[in-house]
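J.: With chain A held as given, fit chain B onto it using these hints.
So the protein lines, in turn, are chains A and B. Using my numbering, the first residue of the first sequence is number 1, and each one after it goes up by one. Using my numbering, the first residue of the second sequence is number 1001, and each one after it goes up by one.
These aren't lab readings, by the way, just hints derived from the structure by calculation. Errors might be hidden in some of the hints.
Said to hold, decoys possible - Here are the simulated BS3-like pairs of lysine-lysine, each with C-alpha atoms no more than 25 angstroms apart in a straight line:
(1) B:Lys1025 / B:Lys1086
(2) A:Lys32 / A:Lys60
(3) B:Lys1161 / A:Lys318
(4) B:Lys1025 / A:Lys75
(5) B:Lys1025 / A:Lys143
(6) A:Lys173 / B:Lys1132
(7) B:Lys1162 / A:Lys318
(8) A:Lys75 / A:Lys64
Unchecked claim - Cβ pair distances, simulated, as ranges:
(9) A:Pro322 / B:Thr1111: 45 to 55 angstroms
(10) B:Leu1130 / A:Phe193: 24 to 34 angstroms
(11) B:Met1109 / A:Pro322: 46 to 56 angstroms
(12) B:Val1072 / A:Ser82: 20 to 30 angstroms
(13) A:Asn102 / B:Ala1108: 48 to 58 angstroms
(14) A:Asn314 / B:Ala1145: 22 to 32 angstroms
(15) B:Leu1144 / A:Phe193: 34 to 44 angstroms
(16) A:Leu335 / B:Ala1145: 18 to 28 angstroms
(17) B:Glu1113 / A:Ser234: 57 to 67 angstroms
Don't be surprised by glycine CBs; every beta carbon is placed ideally from N, CA and C.
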Amino acid sequence: MISFILYKFLFALIFFVVALVVAMYSTYGERKVAAFMQDRVGPNRAGPFGILQPLADGVKMFMKEEVIPNTSDRKLFLLGPSLAMLTALMTGVVIPWGSPMNFNGHTFPLQLTDINIGILYVFGVVSLGVYGIMIGGWASNNKYSLLGALRASSQMISYEIAMGLAIIALVMKTGTLSLGAIVSQQHHTWNVFIQPLSFLIFLICAFAETNRAPFDLPECETELVGGYHTEYSSMKLGFYLFAEYINMFISSAIISCLYFGGYNIPFQDHLHLSGNLLPILQFLVLFAKILFFIFFFMWVRWTIPRFRYDQLMNLGWKGLLPLAILNILITGVVLWATGAFK
Amino acid sequence: MISLYLFYFLSFVAILSALLMVFSKNPVHSVLYLVMTFFAIAGHYFLLNAQFLGIVHIIVYAGAIMVLFLYVIMMLNLNQAIEPMKSNLQKLAGIISAGVLSLVLIGAMRTTEIKAAASTASEIGFVSSLGKILFSEYLLPFELASILLLASMVGAVFLSKKELD
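Chain A on its own, in the form it takes in the complex (with noise of 0.2 angstroms):
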């Protein structure tokens, strides 16, 4: 009991730490990308090719000057930060990393925890990821705060839905609500070949929940100077920075895992591995593909502009919600054609 709980808390550990320093070299790779897109040269000042640039300004984002506003609510202004934080992090436990590990007749899961209703768990967490933008906007007491937490709130809600329409899809294929069951039965063929419109979805809805360019409308900075952390400095405003890129990460690592096969190689059957060979390569090709779509995100960012806010809304309810309706009826009636409705 003790062991098990023991592995546990270092499994989480491990997590933590890791989801820090790719969302720490998230921002080194964005200003990279951006440049390459720019046709300039990026950060290069901080060690070789500018790779200690994010410590760099870990430092500087501690050793800033805090600034909390008289006018504000200090406690909730303290709140939102802290909040937005952690359900950037809460996402993680369900996410499996590789099939089990053997030591000396032990097995270890590298999956925190696959609880039966392990995608709904997801939803639930990315639906409470609105409340540290609210409270941190609403706190501030500056109207350009309040505006774009208003923004944050009423996108998420709306994205949300075609998102969890989206889900349904892929549950009716899948028929089981746990990530650890969705990523196992991809095995031969990923889920993104049998369900596409449910992943273009997910996809947009992805970048809207995560506030990343083009739907960035709540921290707009044309219209609204800083958005909803317009009061924020030091490693306060460092926190809702790096909440966005750990949202990044998972939403990755969850588009992975629901429609890119998860850990799973292609034709790893072929390749008669054994042992702790076969997890540890499975871990780092869930790896390239998280990569892949943060990268994938960092791409869209520098190359399409920022949406208009009505444009947003029409696109979330005119556009993908019967996108997602359409799609959760041509499952049912495949479904049912091919008779797997017992």
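T.: Okay, now just chain B, sitting in the frame of chain A:
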């Protein structure tokens, strides 16, 4: 044993945050305390092995309804934190109706015998068993509830539309 302690802890959190929700002056704080109450109640569902109900409780109440509440409160009173006081007549009416409700509840509780809580090994809270029951035994109430939801959705759209053209 652990689940018993968890039960007491969750009940304590639920009652405390419910009281704080009623007594806090700032409506935004009230909403946040209510969210905390919902979390504690969802924890009770998890203790009873009803994971689906618990997570749906969080998604629907904490994730959607309370966000809308927060949204409306933030939109309505941007700066003033304190609501105008109700008149004495309204207060009296509130006290009387709450008292009558508690009387009915106590009366109902007193006569029912408390059975042992459903064993945690039961799988009634799982999605598959819940779905089977909903679509066989309780099909009619389920459909009626969905029609009610549809009607209220149409009503909301109708009300928010300024002029019909």
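J.: Each hint needs a verdict: does it hold in this structure or not?
T.: Consistency of the hints with the structure:
Only pairs whose Cα atoms come within 25 angstroms are accepted, and Lys1025 (chain B) paired with Lys1086 (chain B) is accepted, the gap being roughly 14 angstroms. Annotation: proposed proximity of Lys32 (chain A) to Lys60 (chain A) holds, straight-line Cα distance about 19 angstroms (limit 25 angstroms). Distance restraint check for Lys1161 (chain B) and Lys318 (chain A): the Cα-Cα separation of roughly 16 angstroms lies within the 25 angstroms cut-off, and the hinted pair is therefore satisfied. At roughly 15 angstroms between alpha-carbon atoms, Lys1025 (chain B) and Lys75 (chain A) fall within 25 angstroms of each other, so this suggested pair holds.
The hinted pair formed by Lys1025 (chain B) and Lys143 (chain A) meets the criterion: a straight-line CA distance of about 22 angstroms does not exceed 25 angstroms. A threshold of 25 angstroms between alpha carbons decides the hint, and for Lys173 (chain A) with Lys1132 (chain B) the separation of about 17 angstroms falls inside it, so the pair holds. Taking the CA atoms of Lys1162 (chain B) and Lys318 (chain A), the gap is about 19 angstroms. The hint holds against a cut of 25 angstroms. Annotation: proposed proximity of Lys75 (chain A) to Lys64 (chain A) holds, straight-line Cα distance about 20 angstroms (limit 25 angstroms).
Checked against the hint of 45 to 55 angstroms, the pair Pro322 (chain A) and Thr1111 (chain B) passes, with Cβ atoms roughly 51 angstroms apart. With their beta carbons about 31 angstroms apart, Leu1130 (chain B) and Phe193 (chain A) fall inside the hinted range of 24 to 34 angstroms. The hint said 46 to 56 angstroms for the Cβ distance between Met1109 (chain B) and Pro322 (chain A), and at roughly 48 angstroms that hint holds. Val1072 (chain B) and Ser82 (chain A) have their C-beta atoms about 24 angstroms apart, which keeps the hinted 20 to 30 angstroms range intact.
In this structure the supplied range 48 to 58 angstroms holds for Asn102 (chain A) paired with Ala1108 (chain B), their Cβ-Cβ distance being about 56 angstroms. Range check, Asn314 (chain A) to Ala1145 (chain B): about 30 angstroms between beta-carbon atoms, so the 22 to 32 angstroms window is met. Between Leu1144 (chain B) and Phe193 (chain A) the CB atoms are about 39 angstroms apart, so this pair conforms to the stated range of 34 to 44 angstroms. About 25 angstroms separates the C-beta atoms of Leu335 (chain A) and Ala1145 (chain B), a value consistent with the hinted range of 18 to 28 angstroms.
Hint check: Glu1113 (chain B) to Ser234 (chain A), Cβ distance near 59 angstroms, so the stated range 57 to 67 angstroms holds.
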